[in-house]
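Trainee: If you're matching positions, the sequence shown starts at 1 in this note's numbering and goes up one per residue.
Just so you know, these hints were derived from the structure itself, not from any lab. Please read all numbers here as calculations on a predicted model, not as lab measurements. We treat Cβ as the ideally placed atom computed from N, Cα and C, and that holds for glycine. You may find that some hints are simply not true.
Taking CB as the label site, the calculated pair distances span [unchecked claim]: (1) S90 - E47: 42 to 50 Å; (2) L122 - E88: 47 to 55 Å; (3) Q103 - F142: 30 to 38 Å; (4) Y168 - G119: 50 to 58 Å; (5) S152 - M129: 15 to 23 Å.
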Amino acid sequence: MFDSEYFKNLLNETTALISNKTEGTYSDDVEIQIESNIMALKHLANEISDKEVQSKMLKRIDMLCAEPAEFEVSEVHQRITGVNKSNEYSDRIEKDILKYSRQLHGKAKKFLDSVRLDGNVLDEVTDKMTKNLAGTSSALRFMKTEQSSNISVFRILISALVIFVIMYFIIRFL
Numbered sequence: 001m002f003d004s005e006y007f008k009n010l011l012n013e014t015t016a017l018i019s020n021k022t023e024g025t026y027s028d029d030v031e032i033q034i035e036s037n038i039m040a041l042k043h044l045a046n047e048i049s050d051k052e053v054q055s056k057m058l059k060r061i062d063m064l065c066a067e068p069a070e071f072e073v074s075e076v077h078q079r080i081t082g083v084n085k086s087n088e089y090s091d092r093i094e095k096d097i098l099k100y101s102r103q104l105h106g107k108a109k110k111f112l113d114s115v116r117l118d119g120n121v122l123d124e125v126t127d128k129m130t131k132n133l134a135g136t137s138s139a140l141r142f143m144k145t146e147q148s149s150n151i152s153v154f155r156i157l158i159s160a161l162v163i164f165v166i167m168y169f170i171i172r173f174l
């Protein structure tokens, strides 16, 4: 069963002993008394049924245990360490961003060069296709106008028959 009056009295006594210790009156007996009071306070705090109040009391007891000068020094040290770590992380991030931006710039340059090369190839192919199309169109026009009147279907049929007969005799008898 939790006795709140005893807990408050013990807490006040421990606080008074710690303040006397920091003012200059220090002895081994006082140190032992403070340690035993803190252990008793922790034991009593563990008997508190409300978990929220229990955690608050345990934190307060832990704060009593910490030396004020040590607490301030460790807090400053943690802040400095945090600042150093954040500066280190910032530097790493900046280096990574710079490295990746250079890689991206190089890849973009390669891509631009390949697009230019592909554009040149397409221009050459387009020119050749245009020349071939023009040559084919002129050949078709020539065949329609001049050759169609000179060559008849009958002539083509007779030429094909003569070539067939000649090939037949060559293959058969040779």
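Trainee: Which numbered hints turn out to be false for this structure?
Mentor: Violated hints: 3 and 5; rest satisfied.
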